[in-house]
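J.: Chains as they are written, first to last, in my numbering: chain A, 1 to 494; chain B, 495 to 810; chain C, 811 to 1133.
Honestly, the hints are just simulated from the structure, not real lab data.
Wrong hints could be hidden among the right ones.
Using 30 angstroms as the maximum straight-line C-alpha spacing, the simulated DSS-like pairs for lysine-lysine come out as follows [as the list claims (entries may be wrong)]:
1. K965/C <-> K234/A
2. K25/A <-> K837/C
3. K1044/C <-> K983/C
4. K351/A <-> K423/A
5. K983/C <-> K965/C
6. K234/A <-> K423/A
Calculated Cβ distances over 10 angstroms to all of chain A for the following chain B residues [said to hold, decoys possible]:
7. N575
8. P577
9. S581
10. S591
11. Q597
12. S606
13. Q627
14. R658
15. E693
16. A705
17. A749
These numbers were taken from a predicted model, which means no experiment stands behind them.
All residues carry an ideal CB built from backbone N, CA and C; glycine is no exception.
Here is how the chains run, residue by residue.
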Amino acid sequence: MIDKTLNWVDDRLGIAKGGRTFLDKIFPDHWSFMLGEIALYSFVILLGTGVFLTLYYVPSGHEIVYHGSYVPLRGQRVSEAYASTVGLSFDVRTGLLMRQAHHWAADIFLGAIAVHMARVFFTGAFRKPREFNWIVGTLMLILGIVNGFLGYSLPDDLVSGTGIRIAFSIIESIPIVGSYLGFFLFGGNYPGSGIIIPRFYVIHVLIVPAIIVGLLAAHLGLLVKQKHTQFPGKGKTEHNVVGSPMFPTFIAKTTGFLFMASAVTFGLGGFAQINPIWQFGQYEPYQISYAVQPDWYMGWLDGALRIMPSWEWVGWGHTIPLEVFLPAVIFPGLVFNILIVWPFIESVWTKDTRYHNLLDRPRDRPKRTAAGAAMLTLLFAVFFASSTDVMANFFQLPLIDVLWFFRFFVPLAPIVAYYITFKICHEMLAAEGIGKRKRALVVSRSVEGEYSTVESEVRPGDGHEELEAIPVPTFIDTTDPELATSAGVRRVIR
Amino acid sequence: MQRTLRNSVTARLAAPAALVGAVALFGLVVFSSGQARADTAPTTTAPVTVSTLPGAQPGTVQETPTAISAVPSPTAAAAYNSPSNRSGIIYTDLPASFIAPGQALFAANCSSCHGALATGSDVNGKAIAPNLQGLGAGTVDFWVSTGRMPLTDTSAQAIRKTPRFNRIQTLEIAAYVQSLTPGQGTKVPLVKTAGADLEAGNTLFTLNCAACHTISGAGDALMEGAYAPSLHLATPTQVVEAIRSGPGNMPRFGAGNITDTEARDITAYVTGVLQHPNDAGGAGLGGIGPVGEGFVGLLIGVGVLMLVCFWIGDRA
Amino acid sequence: MSDNNPRLEGPLPAATLDDPHLQPATKNPERMEAMAAAAIVVGMLGFVAFIWAYWVDANTQWQAATLAVGMLGLGAGTIAWGKYLMPQGPFVEERHDFHSSDTERESFNAAITGRGGLEVKRRGLLLGLFAVGGGIMTLAFLIPGVRSLGPKPTKSEDTHGSTDSSLFTTNWKKGAKLVTVGGREVKVDDLEVGGVLTVFPQGHEGSSPDQVILIRLAQLGPDDPPYPIAPPGKTEYGVQGYVAYSKLCTHLGCPVGLYQERTQQLVCPCHQSIFDVNSGAIPQFGPAPRPLPMLPITVDATGQMRANGNFDQAVGPGFWERP
Chain A
1 MIDKTLNWVD DRLGIAKGGR TFLDKIFPDH WSFMLGEIAL YSFVILLGTG VFLTLYYVPS
61 GHEIVYHGSY VPLRGQRVSE AYASTVGLSF DVRTGLLMRQ AHHWAADIFL GAIAVHMARV
121 FFTGAFRKPR EFNWIVGTLM LILGIVNGFL GYSLPDDLVS GTGIRIAFSI IESIPIVGSY
181 LGFFLFGGNY PGSGIIIPRF YVIHVLIVPA IIVGLLAAHL GLLVKQKHTQ FPGKGKTEHN
241 VVGSPMFPTF IAKTTGFLFM ASAVTFGLGG FAQINPIWQF GQYEPYQISY AVQPDWYMGW
301 LDGALRIMPS WEWVGWGHTI PLEVFLPAVI FPGLVFNILI VWPFIESVWT KDTRYHNLLD
361 RPRDRPKRTA AGAAMLTLLF AVFFASSTDV MANFFQLPLI DVLWFFRFFV PLAPIVAYYI
421 TFKICHEMLA AEGIGKRKRA LVVSRSVEGE YSTVESEVRP GDGHEELEAI PVPTFIDTTD
481 PELATSAGVR RVIR
Chain B
495 MQRTLRNSVT ARLAAPAALV GAVALFGLVV FSSGQARADT APTTTAPVTV STLPGAQPGT
555 VQETPTAISA VPSPTAAAAY NSPSNRSGII YTDLPASFIA PGQALFAANC SSCHGALATG
615 SDVNGKAIAP NLQGLGAGTV DFWVSTGRMP LTDTSAQAIR KTPRFNRIQT LEIAAYVQSL
675 TPGQGTKVPL VKTAGADLEA GNTLFTLNCA ACHTISGAGD ALMEGAYAPS LHLATPTQVV
735 EAIRSGPGNM PRFGAGNITD TEARDITAYV TGVLQHPNDA GGAGLGGIGP VGEGFVGLLI
795 GVGVLMLVCF WIGDRA
Chain C
811 MSDNNPRLEG PLPAATLDDP HLQPATKNPE RMEAMAAAAI VVGMLGFVAF IWAYWVDANT
871 QWQAATLAVG MLGLGAGTIA WGKYLMPQGP FVEERHDFHS SDTERESFNA AITGRGGLEV
931 KRRGLLLGLF AVGGGIMTLA FLIPGVRSLG PKPTKSEDTH GSTDSSLFTT NWKKGAKLVT
991 VGGREVKVDD LEVGGVLTVF PQGHEGSSPD QVILIRLAQL GPDDPPYPIA PPGKTEYGVQ
1051 GYVAYSKLCT HLGCPVGLYQ ERTQQLVCPC HQSIFDVNSG AIPQFGPAPR PLPMLPITVD
1111 ATGQMRANGN FDQAVGPGFW ERP
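Sequences and hints are given; from them, build the entire structure.
T.: Right under this line is the structure:
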């Protein structure tokens, strides 16, 4: 029956050959290869919950009187966007769960991208031939941050409105074109002509997600075409992939993982309150709350803005607000551009143009690892600088001292991190056997009663193998050209 | 063989361990503090409550005329309960009988810094503490009833702590300081939050208070070692006293700026909604917004899922 | 090649259940199957409970708990199935270089450079015209596509709304009444010393660029000498102990709503720029580059507070055209 159906489809689409290759695709078993899946499944959850939210959210800045079930707002003049968001939280069953799960999924999505990206970076998985996929991934990170900010802004609440105000001023700070860009995007000077919510909405639910879906397809397509990298180890070479097949083993694991990701997201969505906009109230441009921070993935930009000295350039009848332009436009621009061109920088620097399918251990490349550690330290430092007021309040320190601390900490910490990481990598490389499992000591007693201690034999699985792996014997002689192109899964003899 | 053995150990341990871990982390979230904690227990009688059941059932302001447990005089009580009390706030004169015991309490507990006549100067006329004359009974009541006075550490901003005096003693001290400059300064308010307009209180709070105390009332650090305190333990009387007297770095809001009705609405919003926030969405995570949320999202969200990866995948 | 690794001809053999290489990873498959089944059953119960929670309109926590248990059970069961009960291998897949053979490359390149280059040489004019035409088409789409998005920032406004001067100027003018956001007219007795109030020009309540923070620094009458503001020339901007500053931070335009009364500083809650109210709101710390512009104010005969003119500069954050 199933055979018959498959044949019927194959007659029309010819799926058998490619389909078999696809089902036989091998996924490495190492746990760190699943980090990207956290991001993938968070994105799936974002799409699902997001569609739910669009059914109730009204993207309009039009003012109405709130009549919902949250009492302290009743009778207040609020925008339709705000009223409908409060409404879908309180007056739509499961609405609050969906809204919070959507927000948590966004936080997890970008966090997972960061972790996944760190894995790819520190193991050198971005090297030839995977530069395209690294760039595609970086673009998705940027778009994810942009869309996170836009989505955060849609409820039109006090905290997010402050964020939009700051975004407008940042656009305004760009020399020559800044004020025009801001006016065109917002339909006039801030807060615009009430057009910004519908515009953000279209970008948030249509334009950016469509681009992300396209990039995601490219990301996964490249992954299938170029096949996975793998850590060096027994039987793993530059010319094979060792692991579990797509069907059925990997499919089962990854489907289960989708459910696990959903469980965590929806669990947080009901037990950890996120962005309680009914407590914040409608945004008005003359109102503000203290302790306003953007979501965590924007925090590093906010931190950079906070610690920047007040350098404004004025001359020839023009103004360049460097205190905004440098930290909020140039700084992220540099970070993303360095990320995008890093594979090429490294390739030129190391004069390495070979294919790389086996991964590095981070310690094997002290300079790259140290550079990555320095970049992460820099981003973490400015990230923490965005919560100076919360820290000052928590540790009961004077706020200005905390700010001054970060003004020094942010530029110095990456240098220290680079040096320390570089040293650690070097030490680990120098010390023989670090990271290997210790061999058991066998104590034996001779017939005379004398004790002696001998190290046991090396057993399979003891420690890391050398970088050059031993080829795995397979059932099929892959030198046979016809069989080599059939790309079947070969069973391994151990 | 090696592999089978390892897998069976994993099989026995990993699944339950991951389940237990996930449940434990959720428990952590559920039982973590729903709102920012201030540094002591409530000082006076029960504040106004608004029902804040999950699911945002309509809240009601209950009538609890308990702003001051010792109603100073029958006339004040009558004025408080009279229907003509539209604004909900009666500024009361404390009975003259409070002055003498207040003077004794002041001499024993306050005069070492503020001086016997509350001028804030020592015997040589050198100012060593704020001059309390002319500030009025309401100002004194605020500082003493919140436990900020008497001070233990003169170098830092006074913080809320368990008050040293009971309600009557506090009012006696206030009456004594008021008696030095009759008619001046802020009087002790009797606040009736029943019938307050929560929506107006919400708007006014956002416009006038949130810039320092934060929109959730959690408070935050100001410049130069000063702090906008958390409002989660303030009583209605204290809220009105603070609005009218502007303690510390807080601006003063007179009746020309915030009317009595508006002050009452703000008070009802602070003691009714902010102190009992509607956390329908789960644990409030400290009410400090995306900082707390970011930590939870990264540590629990991404963290737990990385543990799941660790379970699913191989570790070597 | 050992004996049990014969070279096979033809397609791959079908997997059989007794194949030693396709056995599950766990030693005790029966028990693991039972555990996975139990997890999936727990998950099913969770989903059923979620439907119940929806039906009875249980709160968000019940919805989340039931849904999470459902997902958790189903997920854990499926993962256990995949990890312990399915063929573990490890399997190996060969990898081949991506690049094409040299011949293929040459023919591909030749198609582009040869066939294409021929056409470029032969019809250079057409190609040039096509490029220019395409460029003009792009412009033709871009100009309305971008220009319609919003007005142009200019110093003076035209009448049909295609320009907007609010970056450079505000609605304050001489004689404009100071009112609160609710429209209440502000009188000279309204604020006590240490009081603050957000005010707007009458008729423009709630407008972002027009917001002004009014502070009373001293209890002065009409005949007292004016409250001194440190930079010379600004003292007369205040009246009877009042000063008025633009509430838009010169850093990023957040409302500078945090007034520290005792230290007489305005603080921006967004990025903690500090402005000294006594000296014309000169920034003392933080990223704000310029003082908050000061609004000249006065009091008329009825005690009504009025503006005594507009700001002498553009309010809010910096931008390229700002003089």
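J.: Could you check that no beta carbon of chain A comes within 10 angstroms of the beta carbon of S591/B?
T.: holds, 41 angstroms
J.: With 10 angstroms as the threshold, tell me whether S606/B passes as away from chain A on beta-carbon distances.
T.: The claim stands: S606/B keeps its Cβ more than 10 angstroms from every Cβ of chain A (closest is about 26 angstroms).
J.: If I take the minimum Cβ distance from A705/B to any residue of chain A, is it greater than 10 angstroms?
T.: At roughly 5 angstroms from the nearest Cβ of chain A, A705/B sits no farther out than 10 angstroms, so the non-interface label is violated.
J.: Mind verifying the non-interface call on S581/B? Its CB should be farther than 10 angstroms from each CB in chain A.
T.: Fine: 19 angstroms to the nearest Cβ keeps S581/B off the interface.
J.: Is Q597/B truly not at the interface, in the sense that its beta carbon sits beyond 10 angstroms from all beta carbons of chain A?
T.: holds, 36 angstroms
J.: For the pair supplied as a hint, K983/C and K965/C, is the alpha-carbon distance within the 30 angstroms limit?
T.: Given pair K983/C, K965/C holds - Cα atoms ~16 angstroms apart, limit 30 angstroms.
J.: For Q627/B, which was marked as not at the interface, is the minimum beta-carbon distance to chain A over 10 angstroms?
T.: Holds: least Cβ distance 31 angstroms, greater than 10 angstroms.
J.: Is it the case that E693/B keeps its Cβ farther than 10 angstroms from each residue Cβ in chain A?
T.: Per Cβ check, E693/B is inside 10 angstroms of chain A; nearest 5 angstroms; violated.
J.: Does the alpha-carbon distance linking K1044/C and K983/C stay inside the 30 angstroms limit?
T.: Roughly 17 angstroms between the alpha carbons, so the hint for K1044/C and K983/C holds.
J.: Are K965/C and K234/A close enough, with their CA atoms no more than 30 angstroms apart?
T.: Violated, at roughly 72 angstroms.
J.: Is it true that the CA of K351/A sits at most 30 angstroms from the CA of K423/A?
T.: holds, 23 angstroms
J.: Can we trust that A749/B is non-interface, i.e. its beta-carbon lies farther than 10 angstroms from all of chain A?
T.: With a cut-off of 10 angstroms, A749/B remains clear of chain A, as the shortest Cβ separation is near 22 angstroms.
Hint compliance for this structure: hints 1, 15 and 16 are not met, and every other hint is.
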